[in-house]
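Full structure from sequences and hints, please.
In order, the protein sequence lines correspond to chains F and A.
Per this note's numbering, residue 143 is the first one in the first sequence, and the count goes up by one each step.
Per this note's numbering, residue 19 is the first one in the second sequence, and the count goes up by one each step.
Keep in mind that the hints were calculated from the coordinates and are not lab data.
The model shown is predicted, which means the values in this text are computed figures rather than measured ones.
Don't take each hint at face value.
SDA-like, lysine to any residue: derived pairs with alpha carbons at most 20 Å apart [as the list claims (entries may be wrong)]:
1. F:Lys838 x A:Gly247
2. F:Lys838 x A:Ser235
3. F:Lys838 x A:Gly240
4. F:Lys838 x A:Gly241
5. F:Lys838 x A:Arg236
6. F:Lys838 x A:Val238
7. A:Lys202 x F:Ser844
8. A:Lys202 x F:Asp845
9. A:Lys207 x F:Glu840
Here is what each chain is made of, one letter per residue.
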Amino acid sequence: MKRFRRHGQESQRDRLKQELFQFNKTVEHGFPHQPSALGYSPSLQLLAIGTRSGAIKLYGAPGVEFMGLHDENAAVTQVHFLPHQVELVTLLDDNSLHMWTLRAHKGLSELMEIGRFTLTGPPGAPPSVTRVTAVLAHSSGELLLLGTEGGHVFIVEVPGFRELEERNISLDQVASSVPDDYIGRRNLEHIEALQENPVNPNQVVIGYGRGLMVIWDLEKQCAIQHIPATQQLESVWWAEDGGYILSSHSDGSYCRWMVSVEEVNEEEEEKSDIPYGHFPCKAISKIIQLPTQEGPPFLLFSGGMPRASYGDRHCITVIHSKTHVALDFTSRIIDFFAIREGPQHIGDPSALVVLVEEELVVIDLQTEGWPVIQTPYLVPLHSSAITCSHHVSAIPLKLWERVIAAGDLQSTHYSKRPWPITGGQNLAPDPPQRDLLLTGHEDGTVRFWDASGVCLYPMYKLSTAGVFHTDADPNDNMNQGTEGEWPPFRKVGCFDPYSDDPRLGIQKIHLCKYSGYLTVAGTAGQILVLELNDEAAEQTVEAKVVDLLQGQEGFRWKGHTQLDVREEPVLFPPGFQPFSLVQCQPPAVVTALTLHSEWKLVAFGTSHGFGLYDYQQKNNVLIKCTLNPSDQLAMEGPLSRVKSIKKSLRQSFRRIRRSRVSLRKHHVNNAAKLQEANARLEAELAEMELAPVQRKIEARSSDDSFTGLVRTIYFADTFLSDSSHNTPSLWAGTNGGCVFAYMLRLPPVEHRADEPVTAQSAKEIQLMHRAPVVGIVVLDGHGAPLPEPLEVAHDLARSPDMQGSHHLLVISEEQFKVFTLPKVSAKMKLKLTAVDGSRVRRVGVAWFGSSRSEDYGESGLVVLTNQGDVHVVSLPTVKLQVHYPCVRREDVSGIASCVFTKHGQGFYLISPSEFERFSLSTRCVVEPRCLVEVPLLSGSSTQRRPKPDVASSAHRNARQDGEDAEVLQEIQKSLEGDQTETCSLKAGAVMVMEAMVCLPQVIPGE
Amino acid sequence: MVLSAVPQPTSQPGSRMSRQQQHRTPLKLTDNVVEVKSKFEAEYRRIALKRNGPGGFTEFYRLLQNIHRIPGVDVLLGYADVQGDLLPINNDDNFHKAVSSANPLLRIIITKSEGEHVVLPTDSLQRRKKGLGLTGLRTSGSDSTRSKNKPGLMIGLPQNFRQISSIIDVDILPETHRRVRLHKHGTHKPLGFYIRDGVSVRVTSQGVEKVPGVFISRLVRGGLAESTGLLGVNDEILEVNGIDVAGKSLDQVTDMMVANSHNLIVTVKPSNQRNNVVHRGSKTSMGNSGSVGSAGSAGSALSHDSPSPASQSNPITASNSIAEGDSDDDDDDGDLILENDCLTPYESHRVTNSNNTNLNRPLPQSVSLPNSVGASLSDSSVLMSNHNGNPAHTSSSSQESMREDGNIITL
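Below, the structure is given as structure tokens:
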């Protein structure tokens, strides 16, 4: 009969589905995995990061972000913005060049690839002739100079990528004019650097790997000057006044060369220095020098550390006047640049932006002590490895403010200055609600992120390590080095992947947004209950031990031991403070956790059983052992075996890292080495994954291992014993397809503190198919999921229907099954695995609002399968509604990391450091909506200085006339006013300039 | 032979009963007495039977006829074993087996033998005759089958055996393919096979095409798969319970098979094509005789499921409806539900748990099986639930079970 579908109803339902569901991957949060290139446009105030997977990401003001992906799966090795334009050029590992642009479409900018180009050499030439090693985007915005491994410079017209063959600078042209005494006129090697003369765009300096630098006149097509450096060249910097050139070398030295105005080759090496000298040093890979309005310039360079003692450090040295600091990063430096003040970005350097492999660090160069500016985006989510995550939608304002206040107290060491990268306009509407994403980390911390909008912003960090004795002494790794240490290191950045004790790792989190109670559970069977307190407090946290084996004999736990609890009082800073600790015995990882703040109960489960804890009376209410007597594997403790795999992986990664001397180099042997290492790793991984090529087909049995592992735990106020009285109940589902239900008796509120809470076994359901139970939901009389505790009390949810009969929905990895309550009998089900072979990995309940009518919406289950597909399953009828491919099926950790929000969005890790945000809802979509305006290009390429640039002042365009007048008046006043402080006068002068530049633009604009 | 209709012992409260069984300390009464509950049409009778008493099938048969007041009516006897399979009682051997396996309840189901010889469904009770149990146009019953089993030939009747596997849908599949059903329930044997990835060669109009496929890689010695002789190493797996596995990964196929393991139907392309079912005559004559002669067991042809309404439909549409039918099938709704409404303290309740986790053990009385298994096993309201002293509940659940009964058992 089912074959005869009722067409009318079907199409109506289809239409409704379209109004309710749509799938979008909206934004990536966090820090890009394996960044490989950095670019910056001072005129657009946009930052660009390229990654080894071929992604290109642009960031401006908070909320302004763009992402593009190259079709080729090759690493981005260089990113260059065309000066004063919205185009940028990327160079990939496969030697292809790509032109990207920000195109406005319907009032929003989109990042689009508009062209690609690969250099073609003369026929028969080796590939090294055209292998691009250096790119210079000429300030005219029309030319691209490409230096190659073969030592040639190709000149290409952009944006069309038209080769201007007649203007190419071949190696022969240069080599013929090299002075004879230059080391016997040996091979000049590849082109390492190309720089334009800041004051004369016709002059470029060509730096060869050998060390030779040639100043070339593009107009006259001849060499003007030769700079005969003899050390392997690493980078070149042309000083702003055009008067001299800085070169850095592989021996850790840098040199300063005067540029002679005359045609005569009267080159002169003015100064050469090995800053960390005496002993052999590592290369200085990049050097820049920026003048200040008054006083000495800033000199910044990366590398150059003494090879033997500090060769493994990742440092950028900043020298300004007498201040000399070696900023010590925790991961490899990719690239860095400095942001300069003023409308034309030629003022004092205000901030240093450093891209290291695992984070972006921005240093405020204008505040004493050069503090770090907290980044509003690109935060390293993985500063310690993420072990779990938990999302809480629609946070009440009060809790939100208290969390922010607690977080502010933690971030006092950050600079007070605003974020210096401000390009583009964020046009996204304000998020409709406040959402929190909580991530648990390997080092025992829980981080609170503002996940309401496009920027995942850190709010607060909770550390649970203080409750326990750990091997590491907190005073041990202080940031400041000892007095007089040379080089003067200063640790910066927060990426610290090495956990003191993996047992501290957070495995489960549950936050009650109404009461501010939080419970977190960890790897060593520890469950902490925390309370939000605005004051610091000193208290002792006592552990309550729970023996989940309940006297089952013949078991010996072979895993890790429990953590040592500090017995003395511990001072907890304002924020979430632990007041109760439950220690499971055996100390196996906690696999299920929930908290009911109205009943003041916490329920938890491990691979051995589950328990119920009354955190008001600090008492155990219930302990239930679910362990199968024949299951010895459950006592192994997963750590030992998992660790060995992890360890070997880590070792292989280290091997690769070691073999990778410098990614910026494009020597064939390095690339080959890298590829070799990669191939080796891939082979190892493949071997690891594919070793068992056959799969056993066997029905599940009660004797399987880990059948007693508690997968899910759930509180519900429902009809458990009879259909007229609803009672509090606790539900637990195991890996072996068993569901336990307990009826809870809570004393009346006035006796809550002294009368005991009791739990009585009410039901047990053994699912025939024995698949792991991953979710339990009770549906009310209307078929809607029961609301969260306190949700009704806060008027944020409709109270559940207690008239109609309730239903129990058990979600196993294989099927969804609805049972009646209180008499448990199967009502309907949806099979997943038996039909398509996919299994439920993650499940959540979500509410979907219709995009067409404001008041229509329905609840549904959101499901992520092991095939990486997301499904929406209707409630209470358990029917598949829609499904979309979401995660690659091979991406096991991505699938495991997925969390769903209550409004049909979700997050999963696409790399250890990035969350992909997706939305299944038509109504709740958080995606970047931003606009970057094209700067008005004025002036020709012969212009001595870059023209004032409109894009940078895009936000000023919005300013009203009146305001401008006010600003002028203010400037006037400051000029006429006290002139005792020259400094303020200078600042005033700068401001006048700025205003002058701005005004003419504003007026025609209106 | 001593057979006496003694009164049924009063049933114990559920939780206590289950504890007894757990400790293997049955009541004195049940030590040597078997509770027999027999059902004929809608009537139930309860008697007690000495376990070790002499007597054989004939006496028992007469006794039941008397108790049900149907002397002279030809009936077939069947009993439900611990797995819920309905097994026949038609000789002394299986009668004794039935009595000895009763623990302590022996459930007898009596069916009228229509005319002569009606094949007792050899299929397990908890399976519905939907979906794959399609045999084409075999509405006339199994007359031709019966003619083969004339007494004198020392071949046991099909109802004397427990079915462990069958070749099905021979008439609608290409000759090169074989659809095998493995009956996991009722045996303690593991399914016992492994699958692997491989390359399948297909002949298409463009020539030979190589596509990834899934193959049987190993049979476990003594396992169900090996003992049937219907599956072999290097057989290509084409379908699992009617669902095409093309394009599915090895893990997906594994999961599908495990999810269907209670009633696994695999369509394979045997690597050894010599033992294929040969269709004699034209394919359109789907006569029963055409599908005999397979390499399987003697019961392979006989094991076609008994006629069901679905089997009367066109074989082609029936074949198309396999997937749908299977997904709607409630054949695995045998969830064990333990209702503990008498609210014993949980500490003492722990004991019952370990028993319930093992399906292969006898079901304690406090366990109710609301679905097909349960319905077939527990048509007694006393057994069904232990809402002690709650007659309203008892009657409702009884009705429920009767209703489900009607859905499932088509004797």
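So, going through the hints one by one against the coordinates:
A C-alpha spacing of about 18 Å is found between F:Lys838 and A:Gly247, which places the hinted pair at or below 20 Å, so the restraint holds. Only pairs whose Cα atoms come within 20 Å are accepted, and F:Lys838 paired with A:Ser235 is accepted, the gap being roughly 9 Å. Distance check on the hinted pair: F:Lys838 and A:Gly240 sit about 15 Å apart at the alpha-carbon level, within 20 Å; holds. Taking the CA atoms of F:Lys838 and A:Gly241, the gap is near 12 Å; set against the 20 Å cutoff, the hint holds.
Under the criterion of a C-alpha separation no larger than 20 Å, the hint pairing F:Lys838 with A:Arg236 is consistent with the structure, at around 9 Å. Between F:Lys838 and A:Val238, the direct Cα distance comes to roughly 10 Å. Compliance with the 20 Å bound is thereby established for this hinted pair. A hinted pair counts as satisfied when its Cα atoms are at most 20 Å apart, and A:Lys202 with F:Ser844 qualifies at roughly 15 Å. At roughly 16 Å between alpha-carbon atoms, A:Lys202 and F:Asp845 fall within 20 Å of each other, so this suggested pair holds.
Only pairs whose Cα atoms come within 20 Å are accepted, and A:Lys207 paired with F:Glu840 is accepted, the gap being roughly 10 Å.
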